[in-house]
Amino acid sequence: MSTHYDVIVIGAGVTGLSSAWWLARDGLRVLVLDKGVVGAEASSRNGGGASHYQSPLFAEEQRLWPMMDDLLGYPTEHRAERIIISTDRHEFDHYNYIGDMCVAMGWPVDKIDGDTARAMVPIAGDNCLGGIHLRFGGHANPQRTVQAYAWALQDLGGRIIQHCPVSAIETTGGDVSAVVTPRGRFSCGALVVAAGPQIAGLLAPIGIEVPLMAGRAEMIVTEPAPLMALGGVDGNGLYGRQTLRGNLAFGGGPHEWIDTDPAGPRARPTTPLSRSLARRVAELFPRAAHLNVIRSWAGIVENTPDGRPILDRLGNLVIATMSGVGFGLSPATGHAVRDLVVDGTCSFADIAKLNLARFAGIDPGWRASAGWLPLEA
Amino acid sequence: MTRVHDSHAIDGKIAPPDEMFDVVVIGAGSAGLAAALTAARAGRQVTLIDEHPVAPALIGSDVPLWFGGRASAAVQAPERLIETLVETEPLIAEAFEAGIDVRLGTTAWGLWRNRDGSAALPAAMLGLAAEGRSSTAGFGTLILATGARDCALHFAGWDQPGVMGALAFQTLVLRYQAFAGRRVVVLGSGDLALETAAVAREAGIEVAALIEVRDAVQGELAVSTGVPVLTARAGVRAEGGLDGVERVIVVAPDGAETVIACDSVIMAIDSVPAIELAEVGGAGVTTVTRRGGVVIAADGPQVLPGVWLAGAAAGHCPTRVAALADGAAVASAALGQGGVVPPVEGGFDRMAYRADWLRALVAHSPDTTPVCQCEEVSRADLIGVQPPGYLPRPEPMQARSLETLLHDGPPDAEQVKRLTRAGMGLCQGRRCREQISLLLAMAANLPPQAAPRGNWRVPVRPLPLGVMADWDHAARMDAGWDVWFGIDTQWIPYQDIGTEAEQRHLSELGGNMHL
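Chains as they are written, first to last, in the working numbering: chain A, 16 to 392; chain B, 516 to 1030.
If you are wondering where the hints come from, they were derived from the structure by calculation, not from laboratory data.
Ideal Cβ placement from N, Cα and C applies to all residues, glycine included.
One should not assume that every hint holds.
Claimed, not checked - Interface residues of chain B toward chain A, partial, derived using beta-carbon atoms under 8 Å:
1. Gly904
2. Leu906
3. Met912
4. Gln913
5. Leu917
6. Ala928
7. Gln930
8. Ala984
To be verified - Chain B regions said to be covered by chain A (calculated; three or more residues, Cβ under 8 Å):
9. 525–533
10. 638–652
11. 966–978
12. 1006–1016
Whole structure, please, built from the sequences with the hints as guidance.
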């Protein structure tokens, strides 16, 4: 039995689903396969930030985010702008340098003093030195957004099959012709592999080496605080956001390198690192130190050796990993993947430096050289 | 070859436990006390930890039990309550005499172990909190005797003071002597309800009625004399005023209504094994309807290396006698001094009973009734998988529902939770997770044992940021602290890659450029 699709996407995370949605908007017949359920991994376990100035996709991301609720038809909880506040001089100078860098790139930044910061972030304390107010960027709700992509894709006739791991990719004359799953064999005109940490294991059997290493990162969330005018507040070594409900969701700090399993992570445990996160949130927001922490969680994130995405087309195969910075850029990533699949090249940005070839001939021991190795159990 | 060190990784940064216990027992109920005393008498150093008396703010949030706003002002004075707790449980005095390090008012809110996905810990450890500080503790043997918690089901008027759980009621009456009501209606007629009525009567609290949706009394204990039992009822609702419940309206199958004046409604339909610590420690879970729903999956009382589960937390031992025996037996087994007598499995299908009640309550309440009180999620919005009121509901959103989600696969409690926010509130889903699970199963035509499960996360009790915070090990953890993975090349503006500017940014900023 074989069922044919114009494009098959492996991975129902935020990158795969955005790509599938963009492709379906072109009228293509799209199938998304996932080993588990929609957005169950890092796509729904991140800080929701959307301010990644360094990316060539960023301008397109900024253009798209304000429209995403309307384009998708579902709420994403997107909010514009961010503030980064500092409680120590070194960090203050550090972020001011970044502010200058952003201004040089054409992204407006206001430098703010402690009083201005406290007026904008009422839960900040006397220890706040001020910081930078990004008049760009923003944040959204990762869980809502990933589900919104999935639903919007289905509304366009796209198909998602959950609990359907791909066991093999078949090629004919150098091009991908089909994928094999427990639910049968599906043939395709093009394949997008956006399976996060599982990308390397999926592509190695067809001779494509993708250097990736997975890491585990942790977050905590509090009960709701009074809603601030601007929910995207970072600083003190933390990233995060105040949700529209008022909860403070923050992460940061050391990661743990872990081995990946083709079936995906078996568990996503947290550690007492959550106590250090609590301390830093309490330092950043002294007037919120009484708020209860109600949950902690961990996500598994894949990284390339230089931390930059791989967005590349090889024949009729497109590889898409955002190297741990995928959520905020996702509206534009999907657009870029659509362009790569349909037109062979990205229409709105130069993404040539994100090719896979930059890692050609990489030392097989690169993980050990970087210290990116799992701990001995 | 020497291992290259990634200074931004967690390697070696988690501090060893602040203290080490030989034998530590969590929960000073019957099973926990028996376990602690057994271990102490076997010559072991024993620490017995219990969260009671719970901070007044938590009681107000219905944590860990469903107190329903019916605690008296006595809970505002925890030091007095400690005396009361000791007076009302003679075995606590015995524990002190046996040399046990008894720590009341101490919360065990976390359990971390190295396992699949993490090897960062120098040892397995508990997260503890007392007197506004948290700490960690390692252990040789950990016995979890965390008991049970209340099972809440929604009905019209359940979201007002005076509607509460049977275990909270018994705790306030028996252990805290701090119950603020006088006349109660008990929902249910199983042993938990019959015991609850007896506790009320013994304390001089009037029991206006026991209400049952099934045709006959379900429990084996005797019905307290003079307590009316209304069986074969079709539904209930509660009405009241500013201070909460003032009356319960009981609906007969023919629609006839009986009004019963009362100040409290005690839901005594079922309780739920308190598995939180074992689950966050990595123990697998399974659903066993006769043991009260989600329980730890294990062949015996040892649920993890060095971790044992005793008493009601395992989903059996409904009586004090059984819990005392189980606690002692589990402690003996944990210390290698005796085999475990397998507990007798109850014959009563608790989840089927819960489901019968829930169906009746659903049939007699509007679908605008909140299911999750913290996040104000109605039953209609839960089953419609609709977002909270502060978000827009465009047409495509309104067209979505659990039914459309079921086209993608079996119901997923975590997914529904994220979309609706039901269960995401301050009570950590204590008042709604069992009913959400059953409602999703009913909507998907699944039997109760296949009901989708939510999970527990650390901290298993709400814990203020400033209390949870590790203020002692900052230097160790701060070395190499980075917002994200500390990969310096990750944050270089694209156009600067491969230019002189890249080198300038790298030397100026290092890895920490995350926005």
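Provide an ascending list of the numbers of those earlier hints which the structure does not satisfy. Checked against the structure, the hints that fail are numbers 1, 4, 5 and 6, while the rest are satisfied.
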